[in-house]
Every structure is written in structure tokens, then in C-alpha cells.
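Taken in order, these protein sequences are the chains called H and U. 1 is the number of the first residue of the first sequence in the working numbering; add one for each residue after it. 244 is the number of the first residue of the second sequence in the working numbering; add one for each residue after it.
The set of hints was computed from the structure by calculation and includes no laboratory data. Warning: the hint list may mix true and false statements.
Unchecked claim - Ranges of calculated distance between the beta carbons of each label pair, as one might list FRET restraints:
| # | chain 1 | residue 1 | chain 2 | residue 2 | range |
| --- | --- | --- | --- | --- | --- |
| 1 | H | ASN239 | U | THR329 | 50 to 56 Å |
| 2 | H | ALA229 | U | THR329 | 44 to 50 Å |
| 3 | H | SER144 | U | ALA445 | 24 to 30 Å |
| 4 | H | ILE226 | U | GLY497 | 24 to 30 Å |
| 5 | U | THR385 | H | ASN138 | 45 to 51 Å |
| 6 | U | SER502 | H | ALA129 | 20 to 26 Å |
| 7 | U | ASP450 | H | SER243 | 47 to 53 Å |
| 8 | U | ALA330 | H | GLU131 | 54 to 60 Å |
No residue lacks a Cβ here, since even glycine has one placed at the ideal position from N, Cα and C.
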Amino acid sequence: MPTIKNSKEQGAVINEGITQNVSRRKFLGYVGATSAILATAASCKKNDNNNNNDDGVNLGSGDVGVLNYAYALEQLEAAFYVMVTSSFYAGATDQEKSYLTDIRDHEVAHREFFKAAITAAAPTQIIPALEVNFSSINFSDKASVLGTAKAFEDLGVSAYNGAGKLITNPDYLVLAGKIVSVEARHAALIRDLLAAGSFADLTVDATADSANGLDAVRTPSEVLSIASAYLKTKINASNLPTS
Amino acid sequence: MNLQNIISQIEKTDPEVYDRLNTRRKVMKDFANMSGKIALSALPLAIGSMFKKAYGKNTDAITDVLNFALTLEYIESEFYKKGVGTANLIPAGPQLTALTVIRDHEVSHVAFLTAAIMSLSAEPVAFAAEDFDFTAQGTFPTVFSNYDVFLAVAQTFEDTGVRAYKGQAANLISNNDILTAALRIHSVEARHAAHVREMRMARQAADTSNPLYVGTIKPWITLKQSNIGSAAVQASYDGEEITTQATVNIVNIGGQTISANAASESFDEPLTQAQVTTIVTPFFA
Numbered sequence: 001m002p003t004i005k006n007s008k009e010q011g012a013v014i015n016e017g018i019t020q021n022v023s024r025r026k027f028l029g030y031v032g033a034t035s036a037i038l039a040t041a042a043s044c045k046k047n048d049n050n051n052n053n054d055d056g057v058n059l060g061s062g063d064v065g066v067l068n069y070a071y072a073l074e075q076l077e078a079a080f081y082v083m084v085t086s087s088f089y090a091g092a093t094d095q096e097k098s099y100l101t102d103i104r105d106h107e108v109a110h111r112e113f114f115k116a117a118i119t120a121a122a123p124t125q126i127i128p129a130l131e132v133n134f135s136s137i138n139f140s141d142k143a144s145v146l147g148t149a150k151a152f153e154d155l156g157v158s159a160y161n162g163a164g165k166l167i168t169n170p171d172y173l174v175l176a177g178k179i180v181s182v183e184a185r186h187a188a189l190i191r192d193l194l195a196a197g198s199f200a201d202l203t204v205d206a207t208a209d210s211a212n213g214l215d216a217v218r219t220p221s222e223v224l225s226i227a228s229a230y231l232k233t234k235i236n237a238s239n240l241p242t243s
Numbered sequence: 244m245n246l247q248n249i250i251s252q253i254e255k256t257d258p259e260v261y262d263r264l265n266t267r268r269k270v271m272k273d274f275a276n277m278s279g280k281i282a283l284s285a286l287p288l289a290i291g292s293m294f295k296k297a298y299g300k301n302t303d304a305i306t307d308v309l310n311f312a313l314t315l316e317y318i319e320s321e322f323y324k325k326g327v328g329t330a331n332l333i334p335a336g337p338q339l340t341a342l343t344v345i346r347d348h349e350v351s352h353v354a355f356l357t358a359a360i361m362s363l364s365a366e367p368v369a370f371a372a373e374d375f376d377f378t379a380q381g382t383f384p385t386v387f388s389n390y391d392v393f394l395a396v397a398q399t400f401e402d403t404g405v406r407a408y409k410g411q412a413a414n415l416i417s418n419n420d421i422l423t424a425a426l427r428i429h430s431v432e433a434r435h436a437a438h439v440r441e442m443r444m445a446r447q448a449a450d451t452s453n454p455l456y457v458g459t460i461k462p463w464i465t466l467k468q469s470n471i472g473s474a475a476v477q478a479s480y481d482g483e484e485i486t487t488q489a490t491v492n493i494v495n496i497g498g499q500t501i502s503a504n505a506a507s508e509s510f511d512e513p514l515t516q517a518q519v520t521t522i523v524t525p526f527f528a
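Input sequences plus hints: build the corresponding full structure.
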């Protein structure tokens, strides 16, 4: 369980305690208690599991951590496309609707696959459903939707490319490999919808290497830093492998 | 003969000889045990075996995989170089631009993998245009005169390349840098594949009677459909139809409505080196 390190954190915890539905009597009972108890009371939210602490949902370590990382990204993508397809942007052609529906199905399949696989492999370590933040997206506007889709797909490709080396189980590596090429197909298609012929423009992403024909690659912390703009839930990747 | 003396002589020209030799005690011990039993005439071979790994081809698993990948990149590179360079084959404009982008990437991949293999002190394979027969022994006689045939072969090469890299990823697990580079090439090939499929979709829409175009062509692979009106390419698509991943059934997974089509599209499948070799062998002259 997390402990509070300084009085600033203690203040934050007390504020959280106030906004939680903790009865006053209980809360006052806690105020005089030790930091550890305060932290426990304030950080316990609904659907809490062993992964949660003040620093957000913890992805965990090792291969399971990497699977949770992939699961987190697929959750984000799936949620996005579910929104997109529930009410298409103005002027969406039948072809575009068909593509976006396919992509939604693929991301949902990916999300559910990771959920099933991690549940089977490490049921106490699977992260919960993440809360997304799509307030910056205008779902009725084609440019906003496709621009976000492109960002998510390219981000996903770079995430899988960067995560491969962190996996130790070859079976998991193959599974990640099966998914990343589909994400790359998505990315190519979305880019072509935005700008015909831009499917593999390796000059737009600073992490891609156009001279050698290499796609983008990012570390988990780089990816999550970008993804955090679209997530209310904070993600703690500090225990992921780094090599 | 005095092995130590031989090595010292070599050291004068190659100061790193001791690093190159397999100086593990067992190897040296084996050699010492052997020398009493073999004839003088066989000695050079015996010494050679010890030096083989040092100065001969580095044939370890990683460089084998890279040379396999390099071979495939040569096939693609020469194919696109020839296609783009063939007058009146590819329509000018966006189509020529796109195939030129793809060509340039494949050429870059050849250079990159060649350098990677050399950096591992191994010998990279090398091919030239005349090493290939892109008609595949007459299976695609009009590959460079019929644009739709060219695109069909292009799609097959790209989809096969994606599956080939995927099939080798696990073999690169011991080298982080090489694995990462391979993944980064792999995803670019997938982008190529998606775009060529889109191009074929557009060609199909413009000429629905052309038998080379079959079914609903998408940027992704549905079941094991090649969407190409030729059985000759089916081997590149067999295996893509699976809808179970790591014993998890993807159809309607988690109570979601996921069709078999979508389930199969969601995951691309690896091909083994043997399967890929069978597929590409006909393209060698």
C-alpha cells in the first residue's frame, strides 16, 4: 500500500478524502491517524485492485506489464472507434464508414484478446477498464476524427515496435507481431484518407528513420506521455522492463 | 606443428586473433586430443575448423535471419526498380509516386540490412536484377506489361514480406537492436501492403470485369482471400483465416459482435522460412 512521503501529498490526500463520499465522522476519525491509513482511505476507489495507487494504474512488470501496456492502448483505440462509429462525422462516405467499422472491430478484438489472455495468465495483475478523455475530439468533424485516428494508429505502431524488445516470451512477441502489422495497415489507410499517398511517409514522425525505411518507435513512457492527453486514468509504467 | 606459433604469426597481421578464436578450454583441449590421432595431411582442416567461426562466414542464427530478410528485400527491391523503370507500365501520377515510394523503401532496406549484417562480421547475400525472373517461370508472363498483373504480384510480395518478418521475430529475441529494426521494417511493409491493396481496390472499381480482382479488397486480409484471380498466390494467404489466437476464440469475443471476417482481419499470421522459401523460389532466374 502506498505511503505518503511529504506534507504536500498529505494535503492532496486530505483533499481527495473530502471529495470522496466518506462520511464526516469517518473522515475526522482518519485525520488524526497515521499517513499510511490516510493514504489507504483516500486512494481506495470503486473497482480498486492491487494495481492502483496514488500514481495511477500500475501496469506491472515483466511480460505481464508489457501485455497490460498493449491492453491499455487497445482500450484507448477501441473506445475511440466505438465512439466514432456510434455517430459518424458529417459527410462520411459509405466506404469510410465501412473502413472505420472494420477498424473498430479489429481494435475491440485486440482489446478483448488481451483482456482474455492476461486474465488467463495473470488474473490478479490485469489492469482495470481505463477512463478515457475525448473532450478534445470533435466527433462530428472529419478532420478531427481522422486526425486523431491517424495519431492513435501511428502511436500504436511505434508502441509495439518499441515494446518488442521488452518481451521475453517468444509466444507473446509473435502475438504482438500479429497485431502491429494490422495497426500499420490501419495507419496507412487512415493517412491515405487524410492525404492520398501518405501511407508510409516516414518524414512526419521524428522517431521514424526515412533514410533507412524504418517506421516509428517509442518507449512506453514516450507513448504514455502522448496517450495521457486522452486518458482520465493515470497510468504508472514505472515497473515495466526497460530493455 | 606448433599451434601457438601459428597463432602468434597471425597475431602480427590480426591483433584481435585471440578475440576471434574460440579459446574456450574445451575447444583447445579437443584440438590437443585430436592432434595425436590425425594424419598430418588433415591438420589444415582441423585448424581451419577452429578458425572457421573467426574468419569464415558468421553463420549464427541472427545473421541467418537477416540474410533471409535481405534476400526478400532484394526480391522486392529489384521488382519495384524494374517496374518503376518500365515505360508505360505504371500510370503517371499518384500511382507511380506511391510505387516509387515503396521502391525507395525496399532499396533502403537492402542497404540497411546489408550494413547490419556486415556490422555483425558476417557476409551479406547480394543479388542483381538478372538473378530474378518475376514471371515466376512463366506464371505471370505479363508482369511488366500488364499493370494489373504487376499490382497483383506487388500485393503478394508485400503481404508475404509482412508474414515472413513476423515468422522470424522470435528468432531475433536475443538481440534487442536487431529485433527492433526488424519490427520497424515489418510495419513499413504492412503499410505498403495496405496501400497496394487500396490501389487494387481502385482498379477493381474502375474495371469490375477484370478477373484479376476478386471479392472485396481491403487494406487488411480477410480470411485467406488473396483477392487475386490466380491460384498461384494462394500459398501467401493460407493460414490467414484462423480466428483463434492463443486458444482464445476471437469470433464474438467477450460478448462483442465480431464476425469471422473481422476476427481473421485483426491478426496477421506468420509464415515459416520454409514456407516463404517455397513461395519465392519460382522468382529466381
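>> Taking the Cβ atom of SER502/U and the Cβ atom of ALA129/H, is their distance within the range 20 to 26 Å?
In response: Between SER502/U and ALA129/H, where Cβ atoms are some 24 Å apart, the hint holds.
>> Tell me if the beta carbons of ASP450/U and SER243/H are separated by a distance inside 47 to 53 Å.
In response: holds (52 Å)
> Taking the CB of ALA330/U and the CB of GLU131/H, does the distance hold inside 54 to 60 Å?
Replying inline: holds (58 Å)
> Taking the beta carbons of THR385/U and ASN138/H, is their distance inside 45 to 51 Å?
Replying inline: Roughly 48 Å apart at Cβ, these two residues keep to the hinted range, so it holds.
> Has the hinted range 44 to 50 Å been met by the Cβ atoms of ALA229/H and THR329/U?
Replying inline: holds (47 Å)
> Honestly, do ASN239/H and THR329/U meet the 50 to 56 Å range at C-beta?
Replying inline: holds (55 Å)
>> Taking the Cβ atom of ILE226/H and the Cβ atom of GLY497/U, is their distance within the range 24 to 30 Å?
In response: holds (27 Å)
> Has the hinted range 24 to 30 Å been met by the Cβ atoms of SER144/H and ALA445/U?
Replying inline: With a Cβ separation near 26 Å, SER144/H and ALA445/U satisfy 24 to 30 Å, so the hint holds.
The structure meets every hint from the earlier list without exception.
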